[in-house]
Amino acid sequence: MDVLGWLQRTSVDAPWLLAVIRVLLLVVPILTIVPGLIWWERRLLSWMQDRIGPNRTGTITIPDNFPLASLRGRKIRTFGLLQPIADGVKLFMKEDVTPSSIDRKIYFLAPAIALFPAFALGATLPQASTGFIPGTDILGPFHYLTPVANVDIGLLYVLAISSLGVYGVVLAGYASNNKYSLMGGLRASAQLISYELAMGVSLACVVLATASLRMSDMVVAQEQALWGFVPAVQNWFLFTPFGLVSAAIFLVCVVAETNRAPFDLPEAENELIAGYHTEYSSMKFAVFFMGEYAAMFVFSGVFAAVFLGGYNLMPFNWEYLAATFPAAAGFFKGMAAANYWLGPLGFVAKMAAGITFFIWLRATLPRLRYDQLMTLGWKVLLPLAVANFIVVGIWVICSNERVLGPVGGWVALLVAMGVLAILYMNLAATIKKGAKSMDKRTVKLSDPQAKRSIKLADPGPASEGGQA
Amino acid sequence: MTANQVVFLVLAAIAGLAAVGVVAFGNNPVRAALLLVLNFFVLGFIYFTLGAQLLGISQIMVYAGAIMVLFLFVIMMLQLHQRSPIVEGREGRGVLAWLFGLALAVVVFASVIVPLMSVSGSPIGDEYGTPQSVGRVLFTTYVLPFEIASVLLLIGIVGSILLAKRRL
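Line by line, the protein sequences give chains A and B.
When we follow the numbering used here, the leftmost residue of the first sequence carries the number 1, and every step to the right adds one.
When we follow the numbering used here, the leftmost residue of the second sequence carries the number 1, and every step to the right adds one.
These aren't lab readings, by the way, just hints derived from the structure by calculation.
Keep in mind the model is a prediction, meaning the values are calculated, not measured.
Some clues are possibly wrong.
To be verified - Derived DSBU-like pairs (lysine-lysine); straight-line CA-CA distance at most 35 Å:
1) A:LYS433 <-> B:LYS165
2) B:LYS165 <-> A:LYS179
3) A:LYS179 <-> A:LYS90
4) A:LYS75 <-> A:LYS90
5) A:LYS179 <-> A:LYS379
6) A:LYS179 <-> A:LYS94
7) A:LYS75 <-> A:LYS94
8) B:LYS165 <-> A:LYS432
9) A:LYS379 <-> A:LYS432
10) A:LYS105 <-> A:LYS90
11) A:LYS105 <-> A:LYS94
12) A:LYS379 <-> B:LYS165
What the hints assert, rightly or not - Between beta-carbon pairs, the in silico distance windows are:
13) B:ILE157 <-> A:LYS432: 17 to 27 Å
14) A:LEU404 <-> B:PHE139: 17 to 27 Å
15) B:PHE139 <-> A:PRO383: 17 to 27 Å
Every residue gets a Cβ at the ideal spot worked out from N, C-alpha and C, and that includes glycine.
Just need the whole structure built from these sequences, with the hints factored in.
Below, the structure is given as C-alpha cells:
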C-alpha cells in the first residue's frame with residue numbers, strides 16, 4: 001500500500017518521473033525478452049523441423065578440481081538459453097563492413113529509424129488493468145504504471161507508428177547502393193502499404209464495436225458479458241463472429257507488416273541475397289534483427305489487447321460468478337484478485353502465444369510469390385475487411401436495446417454475413433466467367449515487313465490449333 | 001520560460017530547420033524528402049501540444065506515413081546520381097529572388113506572427129481535439145462538406161483505377 005501511496009503522490013508532484021518509469025517499464029522488458037524470443041524461435045523451429053537446435057551454449061561442466069567431490073564432472077545445462085548472448089557477442093565482434101559508395105548519413109540512420117517504431121508502438125498498450133483493485137474503489141498501482149500514454153487516440157497511434165515502420169527498410173535499401181537491397185526496399189514499401197489498409201479496416205471494425213479508440217476502453221469492452229447475454233464469460237472479440245474475422249485479417253497483416261515468413265519477400269535470401277540488409281554487417285545488422293523481433297512482440301501485444309481480452313488471464317467474469325454462486329464466492333474473489341495482480345504476466349503470456357504462432361507460421365508455410373502477395377492483400381483481405389466493417393455496423397445498430405436487443409443483433413449479424421457471402425460467391429463466379437471468355441480470345445500480331453499475319457492461339461480449345 | 005514554451009521552441013526549431021533542409025538539399029531528392037517527412041512528423045507533435053490529438057495523429061498517419069512512402073517511390077525511380085544538365089545562369093534573378101523572398105517574409109510576419117505575439121495560452125478545453133468531439137462536429141454541423149469531400153475522394157480513387165488499368 002505504501003507503494004500505492006508513493007505512486008499517488010508522485011502522480012501529482014512529479015508526473016514526469018512516473019512517465020519515465022512507465023517508458024522504462026515498457027522498453028526494458030522488450031529489450032530483455034527479445035533474446036529469449038530468438039532462442040525460442042530457433043528451438044521451436046528446430047523441433048518443428050525434427051532437428052535439435054542450439055542446445056549446447058551455456059552448458060557448464062564442473063571441473064575436476066572443484067572442492068565438492070560429488071559435483072565434479074557434473075554438467076549444468078541451460079538448454080542453450082545463452083545462445084542469444086553468444087549470438088550478440090558474435091555480432092559485436094564481427095568485422096563491420098561499410099560499402100564505399102553509399103549514402104553515408106542515411107545508411108547509418110536507417111537501422112535507428114527501423115528500430116524506433118518497433119519500440120514506440122507499445123506506448124498505448126495497457127499491460128495491466130488501469131481500473132480499480134477488485135472489491136475496492138481504489139485505483140490500483142497499475143493505473144499509474146501501465147500505458148505510457150492512455151490517450152484517446154490509442155489505436156490510431158498504433159496505425160500511425162506502424163506506418164512509419166516502412167522507412168527504415170526503404171532507406172536501408174536505398175542507401176546501400178545495391179540493386180538487391182533496393183529491390184528489397186521497394187518490395188517492402190509495396191507490401192507494407194498494401195497490408196496497412198486491410199489492417200486499418202480490420203481494427204476499425206473493433207473500434208466500431210467498442211465505440212472508443214482508447215486501448216484501455218477496448219479491454220474494458222471485452223470484460224462485458226459474452227455476446228451481451230452470457231454474463232459469466234468475458235466478451236473477448238476473438239469469440240465474436242466479426243471479431244474472429246477481424247482477428248484473422250489483422251494477424252495476416254501483422255505478419256506482412258513485420259516482414260515475417262511467409263511474407264518475407266523484402267529479405268528473400270534466395271532471390272535478393274538478403275534484401276534490404278544485405279550491406280549491413282555486425283551491430284547494424286543486429287539492430288535490424290532486434291527491430292524485427294521487437295515489432296513482432298509488440299504487435300502480438302496489440303493483438304492480445306484488441307482481440308484476446310488484454311491483461312485478463314481467463315475469459316471469466318469472476319465478480320459475477322462470486323455474486324451468482326455465493327458458496328464459492330471466496331474462490332471466485334481470489335481469482336478476481338489474481339486476475340488483477342497477475343495481469344502483466346497474463347499479458348506477456350498472450351504476447352508469447354502470439355510469437356509462437358508467428359514461428360509456427362514460419363515453419364508451416366512457404367514464401368508467397370509476389371503476385372500472390374498482392375492478390376491476397378488487395379483482393380482478399382481488403383474486401384473481406386470492408387465487408388466485415390459493414391456487418392459490424394449492422395450489428396451495432398441492431399443490437400441496441402431499442403432495436404432488436406443483443407440476441408436479435410447476433411441474428412442480424414449472421415444474416416448480414418450470409419447475404420454478403422452469397423453476394424460474394426455470385427460476384428466471384430461472374431468474374432471468373434468473364435475472365436475465362438477473355439482467355440479464349442486470340443491475339444493477331446501482324447508483322448508489317450513480312451506482310452503476313454501470325455496467329456497466336458492461347459492454350460485453349462484444341463480445335464484452334466497451335467500451328468502458326 | 002515555461003516548460004510548454006521550451007517544448008514548443010524545440011519542436012518548432014526542428015520543424016523549421018527540416019523545412020529549410022527540404023529546399024537546401026535540392027540536389028539530393030531523397031534527403032529532401034526525408035526532411036519533409038521529419039517536418040510533417042514534428043508538426044504532428046506541435047498539434048499534440050495544442051490539444052488537437054486527432055489532427056496530430058492524422059498528420060503523422062496521412063503525411064508522414066502514407067503519402068511520403070509514395071513520394072519516396074517516385075524519387076527512387078528517378079536517376080538520382082545524375083546532375084541536372086541545365087545549369088542556371090546568373091542573370092540577376094538571384095537579387096530578385098532575395099527581394100521577393102524578403103517581401104514574402106515581411107508579409108507573413110505582419111499578417112501571422114504579429115497578431116500571434118499577444119496570444120498566451122490556449123483558450124480551448126482539453127476536450128477540443130479528441131476524436132469524440134471532432135467526430136460529433138463532423139457528423140452534425142459539417143456533415144455535408146464531409147460527405148462531399150469523401151465522395152470527391154471516392155471519385156479520385158475510381159478515376160485513378162480507370163486511368164491506370166487498360167482492361168477493366
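So, going through the hints one by one against the coordinates:
Under the criterion of a C-alpha separation no larger than 35 Å, the hint pairing A:LYS433 with B:LYS165 is consistent with the structure, at around 20 Å. Between B:LYS165 and A:LYS179 the CA atoms are separated by roughly 28 Å; this keeps the pair inside 35 Å, and the hint holds. For the suggested pair A:LYS179 and A:LYS90, the alpha carbons sit about 28 Å apart, so the restraint of at most 35 Å is met. A C-alpha spacing of about 24 Å is found between A:LYS75 and A:LYS90, which places the hinted pair at or below 35 Å, so the restraint holds.
Taking the CA atoms of A:LYS179 and A:LYS379, the gap is near 29 Å; set against the 35 Å cutoff, the hint holds. Among the hinted pairs, A:LYS179 with A:LYS94 is consistent with the structure: their alpha-carbon atoms are about 24 Å apart, no more than 35 Å. For the hint pairing A:LYS75 with A:LYS94, the CA-to-CA distance comes to about 30 Å; that is within 35 Å, so the pair holds. Taking the CA atoms of B:LYS165 and A:LYS432, the gap is about 18 Å. The hint holds against a cut of 35 Å.
Simply put, A:LYS379 and A:LYS432 have alpha-carbon atoms about 13 Å apart, close enough for the 35 Å limit, and the pair holds. The straight-line distance between the Cα atoms of A:LYS105 and A:LYS90 is roughly 25 Å, inside the 35 Å bound, and the hint therefore holds. Straight-line distance between C-alpha atoms of A:LYS105 and A:LYS94 comes to about 22 Å, which keeps the hinted pair within the 35 Å bound. Restraint check for A:LYS379 and B:LYS165: the C-alpha separation of about 15 Å stays at or below 35 Å, so the hint holds.
Our hint of 17 to 27 Å for B:ILE157 and A:LYS432 holds, since their Cβ atoms are close to 24 Å apart. The hint said 17 to 27 Å for the Cβ distance between A:LEU404 and B:PHE139, and at roughly 23 Å that hint holds. At roughly 25 Å, the beta-carbon separation of B:PHE139 and A:PRO383 lies within the given 17 to 27 Å, and the hint holds.
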